[in-house]
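K.L.:
Position chain B relative to chain A; hints supplied.
Protein chains: 2
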Amino acid sequence: MKKKIAIDMDQVIADMEISFIELFKKEYHLSFETVDEYLKANPNFDLVSTIKELYPLINTHAFFRNIPVMKDSQTVLRELADEYDLYIATAAMDVPKTFTAKYEWLQEHFAFIDSQHYIFCGDKSIIHTDYLIDDSIRQLERFSGTGILFVNSLNETEDRYIRANNWKDIRDYFLSIKE
Amino acid sequence: MKKKIAIDMDQVIADMEISFIELFKKEYHLSFETVDEYLKANPNFDLVSTIKELYPLINTHAFFRNIPVMKDSQTVLRELADEYDLYIATAAMDVPKTFTAKYEWLQEHFAFIDSQHYIFCGDKSIIHTDYLIDDSIRQLERFSGTGILFVNSLNETEDRYIRANNWKDIRDYFLSIKE
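Sequences listed follow chains A and B, in order.
Heads up: the first sequence is residues 1 to 179, going by our numbering.
Heads up: the second sequence is residues 1 to 179, going by our numbering.
Chain A extracted, bound-state conformation (with noise of 0.2 Å):
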């Protein structure tokens, strides 16, 4: 039997980053050309804040049907689906004005991967997969079987899990644990 991986979708798939600074750049009236460039300005920003102010522009249907596709997920997924059987499980219940965009782009972009292997959820503890990629620390601690993270800048000084830097690193992790 192929082992299972679940894969998230919010900044592991979906490249939320991108449209969340597109979205704060038009709501703040800002024009920084890289992120460095205007943390660097304004050390004291505060991102948790920030996405909570936004989140009633977050939490709609526009704003994630057009994120776009993280770089090389599609190539490395598509790869691994021959050995894997591969679930789609994301928080969509923190955002429960997102479930037809969530839904939409899926079928857009993964079409490769099964509907019936979608799950929207909440808690992922219940989730009964060999393998979790993800870049929440709260998710992955609840896991029961391997957590891998996808490091961003909000997770990135944790070392508990197996860290994957991009899809490459994902696909290496998988090569070198192949039989």
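No lab work stands behind these hints, which were simulated from the structure alone.
Be aware that a few hints might be false.
Remember, identical chains collapse to one label, so a pair may be satisfied in a single copy or spanning two.
[Claimed, not checked] Capping the alpha-carbon separation at 25 Å, the derived lysine to aspartate or glutamate pairs in DMTMM-like fashion look like this:
no., residue 1, residue 2
1, LYS25, ASP172
2, LYS52, ASP114
3, LYS2, ASP94
4, LYS4, ASP15
5, LYS3, ASP130
6, LYS97, ASP135
7, LYS25, ASP82
8, LYS3, ASP123
9, LYS4, ASP130
10, LYS4, ASP123
11, LYS26, GLU83
12, LYS4, GLU141
13, LYS97, ASP114
14, LYS178, GLU37
15, LYS2, ASP85
16, LYS3, GLU141
17, LYS97, GLU108
18, LYS2, GLU37
19, LYS2, ASP36
20, LYS2, GLU27
21, LYS178, GLU17
22, LYS25, ASP36
P.N.:
For chain B alone, kept in the frame of chain A given last:
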């Protein structure tokens, strides 16, 4: 740690049959009093084909938003919530136009269950709870914990699972296993 129960929605906590019969009568311009009366007069009636025919009208917000609550399900689940962690596990991917209806319906009728415990999925084999209460034999077959069959006309000959004809049977079962 509390044990976990996953609970299906349609035909378990949502009395879909009532809404389905209403829709069936309306669409086919029928006016029978009871289902038994109709089946006696139409012994070749094919439920599965009829569901397929009516699917475009079932896979809608209006249909799912207005399904009545299954008798006694609120009372019994409220009692069970003291001793178990409750999760709602619904094969929503079969009816992808009803995500919002299902979410709103749960918020309205089962507000005591945390939305972080909603699971909108397809295949329930990846759900890792101690119990699953479901009317679908296909889902119970794949489930690794203890399956409880919520009996209806489509599954009544099945005998591999604990059987519940109604929510009082479910209360009795969980009382009977109490330490």
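K.L.:
Using 25 Å as the alpha-carbon threshold, which applies to LYS3 and GLU141: within, between, both, or neither?
P.N.:
both (20 Å within a copy, 19 Å between copies)
K.L.:
When no copy is named, should LYS2 and GLU27 be tagged within, between, both, or neither for a Cα gap of at most 25 Å?
P.N.:
The answer is neither: 46 Å in one copy and 44 Å across copies each exceed 25 Å.
K.L.:
At most 25 Å between alpha carbons: which applies to LYS3 and ASP123, within, between, both or neither?
P.N.:
Answer is both: 22 Å inside a copy and 15 Å across each meet the 25 Å cutoff.
K.L.:
Within a copy, between copies, both or neither: which one fits LYS4 and ASP130 at a CA-CA cutoff of 25 Å?
P.N.:
Intra 5 Å, inter 20 Å, cutoff 25 Å: intra and inter.
K.L.:
Tell me, please, which holds for LYS178 and GLU17 at an alpha-carbon limit of 25 Å: within, between, both or neither?
P.N.:
neither (32 Å within a copy, 49 Å between copies)
K.L.:
Is it within, between, both or neither when you check LYS178 against GLU37 at 25 Å Cα-Cα?
P.N.:
Answer is neither: 41 Å inside a copy and 61 Å across each miss the 25 Å cutoff.
K.L.:
Up to 25 Å between alpha-carbons, please classify LYS2 paired with ASP36: within, between, both or neither.
P.N.:
Neither: 42 Å inside a chain and 46 Å across chains, both beyond 25 Å.
K.L.:
At most 25 Å between C-alpha atoms: does LYS52 with ASP114 qualify within a copy, between copies, both, or neither?
P.N.:
between (33 Å within a copy, 20 Å between copies)
K.L.:
Quick one: LYS3 to ASP130, C-alpha cut-off 25 Å, is that within a copy, between copies, both, or neither?
P.N.:
both (6 Å within a copy, 21 Å between copies)
K.L.:
Go through the copies and call it for LYS2 and ASP94: within, between, both or neither, with a Cα cutoff of 25 Å.
P.N.:
between (30 Å within a copy, 24 Å between copies)
K.L.:
Which holds for LYS97 with ASP114 at a C-alpha limit of 25 Å: within a copy, between copies, both or neither?
P.N.:
both (22 Å within a copy, 17 Å between copies)
K.L.:
Please work out whether the CA atoms of LYS4 and ASP123 approach to 25 Å or closer within one copy, between two copies, in both situations, or in neither?
P.N.:
both (18 Å within a copy, 13 Å between copies)
Hint violations for this structure: numbers 1, 7, 11, 14, 18, 19, 20, 21, all remaining hints satisfied.
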